[in-house]
Amino acid sequence: MVDLLSVLASGILVGTVYAYMAYGLGLIYGVLRVVNLAHGAFLTLGVYVTWWLNTTFGMDPLVSILITVPLGFALGATVERTLVFRLRDSPPVTTLLLLFGVWLIVRNALYLIFGGADRSLLTSYSLESLAVGPLTLSIPRLIVSGFSLLGFVVLALMLKRTWSGLALRAVAQDREAAALSGVPVNRVWAVAFGIGSALAMSAGSLMSLFYSVTPEFGARFLLKSFCVVVLGGLTNIGGILVAGIGLGIAEDLTAFYIHTGYRDVVSFLVLTAALVMRRADSD
Amino acid sequence: MSLLEVRDLKVRRGGVPALRGVTFDVDRREVVALLGANGAGKTTTLRAISDLSRPESGEIRFDGRSIVGVSSTRVVEAGIAHVPEGSRIWPEMTVAENLRLGAYAVRRKGSPAERLDAVFRLLPRLAERAGQLAGTLSGGERQMAAIGRALMASPKLLLMDEPSLGLSPRVVDTVFDTIQEIRRDGVAVLLVEQNVVRALEIAERAYVLEGGRIVRQGSGEELLDDPEVRQAYLGRTAGAGSPGTGD
Ligand SMILES: Nc1ncnc2c1ncn2[C@@H]1O[C@H](COP(=O)(O)OP(=O)(O)O)[C@@H](O)[C@H]1O
Ligand SMILES: [Mg+2]
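Taken in sequence, the protein lines are chains Y and D.
Everything in the first sequence is counted per the numbering used here, starting at 1 for the first residue and increasing by one.
Everything in the second sequence is counted per the numbering used here, starting at 1 for the first residue and increasing by one.
These aren't lab readings, by the way, just hints derived from the structure by calculation.
Because the structure is a prediction, the values reported are computed rather than measured.
Be careful, since some hints might not be right.
Claimed, not checked - Listed below are several chain Y residues computed to face chain D (Cβ distance under 10 Å; list not exhaustive):
(1) Leu-166
(2) Glu-176
(3) Leu-275
(4) Arg-278
Stated by the list, open to error - Covered stretches of chain D, going by a simulated chain Y footprint (3 or more residues, C-beta under 8 Å):
(5) 69-79
(6) 84-98
Claimed, not checked - Just the calculated beta-carbon pair ranges, DEER-fashion:
(7) D:Gly-166 - Y:Leu-96: 57 to 65 Å
(8) Y:Gly-261 - D:Glu-92: 56 to 64 Å
(9) Y:Val-154 - D:Gly-218: 55 to 63 Å
(10) Y:Thr-55 - D:Ala-78: 28 to 36 Å
No residue lacks a Cβ here, since even glycine has one placed at the ideal position from N, Cα and C.
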């Protein structure tokens with residue numbers, strides 16, 4: 001019983017950061033109708049920037065969010081302006097391949113600069129834990145989960161209350177109608193790509209607290225991001241949160257009751273099942 | 001100088017000419033009807049004004065300034081709001097959010113709250129539905145929301161693309177009453193309608209489009225009396241037994 005409870009608790013904690021990590025992918029698809037394969041690049045860059053700031057300046061990963069958020073926004077908006085925007089009239093596969101190219105370049109640049117060795121980042125609280133009743137909860141996981149939820153609250157308020165947020169939602173739902181109300185659609189596209197990338201890079205900062213730092217980081221978590229976004233419904237914050245937590249729990253149950261080695265297979269199976277069911281729905 | 005001047009406008013859609021040289025005017029505070037069969041080019045005309053379709057050649061002047069190649073955003077800022085065909089409200093936003101965002105172009109001018117009050121006074125139904133997702137509205141309410149959203153931009157000219165399409169007769173009445181009130185507030189209206197009689201009854205002037213060209217123009221009354229217009233668009237001749245005009 002205690003085993004099951006702690007598996008569930010840890011699944012929930014990791015699931016919230018999954019949701020946070022995935023949200024940018026859904027936002028960019030919702031607003032631009034572009035599958036951002038460079039999402040993996042931004043996740044990886046976030047981890048490396050955070051690790052580098054930590055080893056060079058001793059900066060805490062949670063503080064480095066103050067850098068990865070604006071940096072991610074600037075890089076994402078630049079990728080949109082210089083690459084995605086120019087291809088807006090070409091077939092979607094062109095954009096897909098281009099963004100895949102961005103990811104490969106980033107990944108190989110990281111291999112070149114830092115090598116392929118797994119690195120990890122240690123803070124004073126990395127190994128701390130908190131006893132809650134019969135459960136022992138990891139402090140970094142609690143913190144990261146809290147930051148993810150906070151990020152969602154900020155994002156939800158932005159989408160609900162600000163002009164930019166309303167404009168983003170309007171462009172996602174009907175681009176021409178948004179243009180007819182004076183929304184500058186081109187700028188909204190850049191902002192959406194910027195926010196999506198800022199979310200991915202800052203997710204990297206958070207996740208550096210308990211995943212190893214490697215150029216393959218993005219590959220590992222891009223698939224999980226797809227899984228969460230497809231299950232949760234692209235731009236639906238609530239749905240994505242539930243899907244992230246669902247995946248987190250499913251993974252931890254698998255790892256605990258079947259085998260740790262199967263953890264990363266779960267998202268693949270769930271994604272396949274979800275896509276097959278979608279297909280069946282639409283037939 | 002008219003408020004809106006369109007001169008020899010040519011627009012291609014999907015590579016095929018949709019407008020082949022269209023010329024017309026809308027004066028200040030005037031309701032002008034743009035009529036024509038399906039595919040005549042009415043929607044394309046409105047889209048060209050709002051920069052959703054780029055003209056091949058020709059001129060569009062608003063308030064004396066050319067707006068060809070001026071972005072949709074700047075067109076709204078200049079004072080032209082557009083109620084698109086099929087209302088096109090944002091279904092997953094509330095009615096209040098739809099209306100608020102309608103004021104995007106003028107968000108730094110005047111008071112959006114006052115404009116919202118004015119829209120609610122004109123369309124009280126929207127006030128009742130304010131918190132509801134726009135996707136849950138009935139067809140008539142959607143059209144009202146689209147009209148309200150366009151009015152939130154404080155336009156001098158309102159483009160309306162078939163606002164009564166698919167609505168029940170009672171709701172059609174409300175739509176036409178609303179257009180009258182909008183005119184009373186000093187806003188000019190360029191009205192595209194299938195409901196030819198109703199449109200000609202409230203319009204000062206009207207133009208008839210056919211195959212991308214203006215084939216007829218005149219005052220609303222003149223066109224209502226025109227036998228060819230009656231034959232083509234009202235499905236009856238002006239011969240014996242036909243009802244009189246202005247009923
Ligand atoms: N999206 C489109 N792509 C290509 N051609 C179009 C498109 N929309 C309309 N057209 C063509 O442009 C012409 C004018 O259409 P439109 O302006 O929609 O007419 P109306 O509004 O008077 O019914 C028609 O011949 C129509 O087939
Ligand atoms: Mg039309």
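Quiz item: Val-154 of chain Y and Gly-218 of chain D, beta-carbon distance inside 55 to 63 Å?
Solution: holds (59 Å)
Exercise. So, Glu-176 of chain Y near chain D? Judge it on the closest CB pair being under 10 Å.
Key: holds (6 Å)
Exercise. Evaluate the given range 56 to 64 Å for the C-beta pair formed by Gly-261 of chain Y and Glu-92 of chain D.
Key: violated (41 Å)
Quiz item: Does the CB of Leu-166 of chain Y sit less than 10 Å away from some CB of chain D?
Solution: holds (5 Å)
Exercise. Please count how many residues of the stretch 69-79 of chain D have a CB within 8 Å of a CB from chain Y and say whether that reaches 3.
Key: holds (count 5)
Self-check item: Verdict for Thr-55 of chain Y, Ala-78 of chain D (Cβ pair) under range 28 to 36 Å
Solution: violated (55 Å)
Quiz item: Can Arg-278 of chain Y be said to touch chain D, with a Cβ gap under 10 Å?
Solution: At 19 Å from the nearest chain D Cβ, Arg-278 of chain Y fails the 10 Å test, so the hint is violated.
Quiz prompt | Proximity test - 8 Å, beta-carbon atoms, the stretch 84-98 of chain D to chain Y, at least three hits | solution = holds (count 8)
Practice problem: Using Cβ atoms only, decide whether Leu-275 of chain Y comes closer than 10 Å to chain D, and label the hint accordingly. | Solution: With a closest approach of 23 Å, the Leu-275 of chain Y hint is violated.
Quiz item: Okay, Gly-166 of chain D versus Leu-96 of chain Y on CB: inside 57 to 65 Å?
Solution: Violated, since Gly-166 of chain D and Leu-96 of chain Y (Cβ atoms, about 38 Å apart) do not stay within the stated range.
In this structure, the earlier hints numbered 3, 4, 7, 8, 10 are contradicted, and the remaining ones agree with it.
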